[in-house]
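These are the residues of each chain, in order.
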Amino acid sequence: MIRMLSAGAIGLVFGSGIAISGMASPAKVLNFFDIFGSWDPSLALVMAAALTVTAIGYRFVLKRPRPILEPKFHLPANRKLDLPLLAGSAAFGIGWGITGFCPGGAIPALGLGEPSAWIFVGSMLAGIAAARTIRVTLEQRVAPST
Amino acid sequence: MITDFTPFPALLGGSLIGLAAVALMAFNGRIAGMTGIMTGLLPPFAADWGWRAAFLLGAIGAPILMVLAGGHTVAFESTAPAPWLIVGGLIVGVGVYFGSGCTSGHGVCGIARLSPRSIVATLTFMATAVATVFVVRHVLGGF
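Quick note, the sequences are listed as chains W and D, same order. Read in order, the letters of the first sequence correspond to residues 1 to 146 in this note's numbering. Read in order, the letters of the second sequence correspond to residues 1 to 143 in this note's numbering.
There may be inaccurate statements among the hints.
On the chain D side, residues computed to face chain W include the following (Cβ under 7 Å) [as the list claims (entries may be wrong)]:
no., residue
1, ASN28
2, GLY70
3, TRP84
Covered, in the sense of this in silico footprint (three residues per stretch, anywhere, with C-beta under 8 Å from a C-beta of chain W), are these stretches of chain D [claimed, not checked]:
no., segment
4, 2-15
5, 18-25
6, 39-52
7, 93-107
8, 114-126
Note that these hints are calculated values from the structure, not bench results. Because the structure is a prediction, the values reported are computed rather than measured. Backbone N, C-alpha and C fix where the C-beta goes; we use that ideal spot for every residue, glycine too.
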C-alpha cells in the first residue's frame with residue numbers, strides 16, 4: 001500500500017512536470033523536431049533540466065544499499081547494442097514524428113480529456129501488446145523445447 | 001503551426017520530471033520509464049501491477065488537478081488526423097517495446113546512468129523523429 005501511495009505521488013510530480021513543460025502538447029514537441037521550419041527549442045531545455053536533476057540525484061540514491069520501500073534496485077541488466085534496440089528506437093522516432101506523442105507525454109495528456117490523446121494511447125497499447133505477442137511467438141519458434 | 005519558446009516552464013517542468021525519476025528510484029527502486037511501467041499493466045499483468053497503476057493514475061491526474069483545482073491552463077495542440085494517430089500509435093507501441101524504452105526511460109533515466117544502450121536509443125529516435133517531421137511537413141506538405 002505504501003509503495004502504491006509513493007508511486008502515485010511521484011506519478012503526480014511526473015505528470016505535473018510534463019504538463020508545465022508543455023510536453024503534453026504534440027505541437028510543441030513537433031516544433032522541436034522541425035529544425036528547418038517553426039523550430040521551438042523548449043524540449044531541449046526540458047531534457048537538459050530533467051537529465052541534470054536525474055544524473056545528480058541518481059549518484060546519491062544508487063550509492064545507498066537499497067531503496068527506501070523495496071529490498072533492491074531494479075536496474076536493466078542488458079548492455080548489448082542489438083538490432084531490436086536500434087530498429088525499435090528508429091520506429092519509435094518515426095511514430096513520434098508523425099503524431100508528436102511519446103508515451104511519457106501522452107499519458108498525462110489523457111487527463112486533459114483530449115480525444116487525440118485517447119486515440120493515440122489506445123493504439124499505442126495495441127502496438128505494445130502486438131509486439132509482445134510477436135516476441136513470444138518468435139522465442140517459442142527458436143526454442144520449441146522450452 | 002507556431003509555438004512559443006518557453007524556457008522557464010521548460011526548465012521547471014523538466015526539473016520536476018527529474019525529481020520524479022530520482023524519487024521513484026529512491027523510494028520504489030524503479031526506472032521512471034513510461035514504456036516499462038505501462039507494459040506491466042497489459043495482459044499478462046505483472047505481479048507488481050499496483051505501483052505501476054498508481055504511477056499512471058498520478059500522471060493522468062496531474063493535469064486534471066492543475067486545471068480543476070489550480071485554475072491553470074495546460075498547453076495542448078494536436079493536428080494529426082485520427083488515421084495517422086492510429087498508425088503512429090501502433091508504430092510507437094511496437095517501437096518502444098522492441099527498443100525497451102522511450103524518452104523517459106532511455107532519454108532521461110538511462111542517459112543519467114550513462115547507459116550505452118540508452119544513449120544510442122535516444123540518438124536514434126531523435127534522429128528518425130527529425131527526419132520524419134521533415135518529410136511530413138516539408139516534403140508531403142504536412143497535416
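Problem set entry | Numbers of the earlier hints that this structure fails to satisfy, in rising order | 2
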